[in-house]
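S.K.: I would like the entire structure built from these sequences, with the hints used as guidance.
Numbering (the working numbering), first residue to last: 1 to 529.
Careful: at least some of the hints might be erroneous.
As the list claims (entries may be wrong) - What follows is a list of derived Cβ distance ranges for each label pair:
(1) Ser46 with His434: 46 to 56 Å
(2) Val223 with Glu251: 17 to 27 Å
(3) Asn28 with Gln97: 21 to 31 Å
(4) Cys511 with Ser472: 50 to 60 Å
(5) Glu122 with Lys423: 50 to 60 Å
(6) Glu251 with Ser450: 45 to 55 Å
As the list claims (entries may be wrong) - List of simulated lysine to aspartate or glutamate pairs, DMTMM-like, C-alpha gap at most 20 Å:
(7) Lys203 with Glu251
(8) Lys350 with Glu385
(9) Lys443 with Glu432
(10) Lys42 with Glu251
(11) Lys79 with Glu251
It is worth saying that the hints were derived from the structure and are not from the lab. Remember, predicted model here, so these are calculated numbers, not experimental data. Heads up, the beta-carbon is just placed ideally off N, CA and C, and yes, glycines get one too.
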Amino acid sequence: MAFNSKELHKTPHETNWVVQINQLLDPNNLQTALQTPTSIFKLPNSITNSMPQAYFPRHIALGPYHHFKNELYQMELYKLDNAINAIESFKLPQLHQIAADLEQFDIKIRSCYNKFLDFGAEALAWIMLIDGLFLVQILAISNDEKDELRRMRQDLYLPSPFPLFVEQKLYCSLIEANLMTQDELVNDILKLENQIPSFVLKKILPQNLSNNLHILFFRFCEVVSPKKLPPHDSPQFMRYRGYTDLYQILEQSHHLLHFLYLLILDSSLSIDRPVGMALLRGSFLVELLNALASVLQIAFLQQLSEAVGLIQSLLGLFRRVGSSSSSIGEDMNGPPLIPSAEQLRRVGVKLEGNYEDFHESISFEKERRETCLKFPTIVINAFSEVVYRNLVAFEGATKLNPPCFSNYVALMSGLITTIKDVKILKEASIIESHIGNEEEVVKLFDGLRSVLELKNMAEIQMVKDINSYYESCWKVKAKRFIQKYINPMLKVIVLVVVILLIGVVVVRTFCGWFGCSRILHVVSGMSKD
Numbered sequence: 001m002a003f004n005s006k007e008l009h010k011t012p013h014e015t016n017w018v019v020q021i022n023q024l025l026d027p028n029n030l031q032t033a034l035q036t037p038t039s040i041f042k043l044p045n046s047i048t049n050s051m052p053q054a055y056f057p058r059h060i061a062l063g064p065y066h067h068f069k070n071e072l073y074q075m076e077l078y079k080l081d082n083a084i085n086a087i088e089s090f091k092l093p094q095l096h097q098i099a100a101d102l103e104q105f106d107i108k109i110r111s112c113y114n115k116f117l118d119f120g121a122e123a124l125a126w127i128m129l130i131d132g133l134f135l136v137q138i139l140a141i142s143n144d145e146k147d148e149l150r151r152m153r154q155d156l157y158l159p160s161p162f163p164l165f166v167e168q169k170l171y172c173s174l175i176e177a178n179l180m181t182q183d184e185l186v187n188d189i190l191k192l193e194n195q196i197p198s199f200v201l202k203k204i205l206p207q208n209l210s211n212n213l214h215i216l217f218f219r220f221c222e223v224v225s226p227k228k229l230p231p232h233d234s235p236q237f238m239r240y241r242g243y244t245d246l247y248q249i250l251e252q253s254h255h256l257l258h259f260l261y262l263l264i265l266d267s268s269l270s271i272d273r274p275v276g277m278a279l280l281r282g283s284f285l286v287e288l289l290n291a292l293a294s295v296l297q298i299a300f301l302q303q304l305s306e307a308v309g310l311i312q313s314l315l316g317l318f319r320r321v322g323s324s325s326s327s328i329g330e331d332m333n334g335p336p337l338i339p340s341a342e343q344l345r346r347v348g349v350k351l352e353g354n355y356e357d358f359h360e361s362i363s364f365e366k367e368r369r370e371t372c373l374k375f376p377t378i379v380i381n382a383f384s385e386v387v388y389r390n391l392v393a394f395e396g397a398t399k400l401n402p403p404c405f406s407n408y409v410a411l412m413s414g415l416i417t418t419i420k421d422v423k424i425l426k427e428a429s430i431i432e433s434h435i436g437n438e439e440e441v442v443k444l445f446d447g448l449r450s451v452l453e454l455k456n457m458a459e460i461q462m463v464k465d466i467n468s469y470y471e472s473c474w475k476v477k478a479k480r481f482i483q484k485y486i487n488p489m490l491k492v493i494v495l496v497v498v499i500l501l502i503g504v505v506v507v508r509t510f511c512g513w514f515g516c517s518r519i520l521h522v523v524s525g526m527s528k529d
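M.R.: Here you go:
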């Protein structure tokens, strides 16, 4: 009876855990779990707190991590309706049969996720089936629907349609119901916590569509990719990244985001922890001259409040002299930076973008007549925030070594610190931006610095060469000399000038209230006596 009493009081969480442990006691199941790479991660708060909307789905939950959230429940009926329609569209067997087949892969599915999934095999199979069919339906377009979709689009206002969704019935119905925008739909599909294992998609699809899953993935990725990709059927693509075809990339990837990662990155790329350097920003000398000019232009009988305000500004200026000189060599929070694009151009470095291989096109070439930093052109669009953050998170969670994309973003963050840097990089064809203004690009990379973790990795030679070249330029040496030797003396000079200016203000104010001529007359009369 005592044993039965414990069984009655066992929580669902404990029950599911015991069931999974019993399954893993089978040597075959345990071997399957050990051989299946974990590739879909629940991210720590230290990452997601920086921008939750970039990591958590806002409208569509795909997979188990967010499936039962109340705020995402509205989409469940749409996903279920889509799954029912998929039976006819994809010529599938009954959904119950597919779900039962997926239960056979329960251990392998769970092994793809890094967190304990607190529900049974049947529930997990249905989640994978419904969400997987929704994802594939979004990516696929049925030729039989095109005429109907053209009529629908005439009645809907769909500005700048996502190329993949131009003739997508499901997409049109979501927009028509005002459930989400195009960008929100795409961004939710790209988030790491919202991925579905590729092998699951292959299991639920008919053979003809499963064989073309790599084409569906590529058509989606080429639009959201941070780098322009060559056509998948071109000779250039056959040489690109060392793969023979797209199917080989699909076989090596574990989900859609991983597929995008393999498309754009070369694992041999290693750019780590650029050496930090920052120049003094702003000129206190200009402020000092402006303050002097304001003193000379003040009317003789100005109010005392104006004088007090001027004294306060002079004291504030003096305080900033010390802080600005002490901040030389320091920069914003985040990984150390190489010189910005503007700083490099000032010392004669030519910046040049290209559409060649992602790894080989990054180079720093020093020649007699010209020094050139060649960099692959990066595409920035409405999806870049989510794409960059989730690729960085995926790379960090899987502990890929070297963290190629994180290092690449760190290098770009070093080049971009101001709006002027963005303009320079756009002129050099290093940035191809489709998001309004340059300030948004600066904010994008400034925000990315907070999620970069590049520790205990050696610097590569190219980064050393960039910093060494920059430090060896006479303009930089002159500025360093001024910062080291002239600034301390200048601080004393500024102190003296500020004291003199305050004295001038006090005398001017005193004379304005009491009249200097009368006082001088009294003083001169006393001296005669």
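S.K.: A range of 46 to 56 Å was offered for this pair. Does it hold for the Cβ distance of Ser46 and His434?
M.R.: Given about 31 Å between the Cβ atoms, the range is violated.
S.K.: Lys350 and Glu385 were given as a pair; does the straight-line alpha-carbon distance stay at or below 20 Å?
M.R.: 28 Å, violated
S.K.: Is it true that the CA of Lys79 sits at most 20 Å from the CA of Glu251?
M.R.: Between Lys79 and Glu251 the Cα gap is close to 27 Å, so the pair fails against 20 Å, i.e. violated.
S.K.: Can you tell me whether the CB distance of Asn28 to Gln97 sits inside 21 to 31 Å?
M.R.: Since Asn28 and Gln97 have Cβ atoms about 24 Å apart, the given range 21 to 31 Å holds.
S.K.: A range of 50 to 60 Å was offered for this pair. Does it hold for the Cβ distance of Glu122 and Lys423?
M.R.: 57 Å, holds
S.K.: Holds or violated: 45 to 55 Å for the Cβ distance of Glu251 and Ser450?
M.R.: Roughly 35 Å apart at Cβ, these two residues miss the hinted range, so it is violated.
S.K.: Compare the distance between the alpha carbons of Lys443 and Glu432 with 20 Å, and conclude whether the hinted pair is satisfied.
M.R.: Satisfied, since the Cα-Cα distance of roughly 16 Å is no more than 20 Å.
S.K.: If I claimed the Cβ atoms of Cys511 and Ser472 lie 50 to 60 Å apart, would that claim hold in this structure?
M.R.: With a Cβ separation near 55 Å, Cys511 and Ser472 satisfy 50 to 60 Å, so the hint holds.
S.K.: Measure nothing beyond the straight line between the CA atoms of Lys203 and Glu251; if it is 20 Å or shorter, mark the hint as holding.
M.R.: Cα-Cα ~14 Å, so holds.
S.K.: 17 to 27 Å was suggested as the range; check whether the CB atoms of Val223 and Glu251 agree with it.
M.R.: 22 Å, holds
S.K.: Lys42 and Glu251: Cα distance at most 20 Å?
M.R.: 23 Å, violated
Hint check: violations occur at hints 1, 6, 8, 10 and 11; the rest are consistent with the structure.
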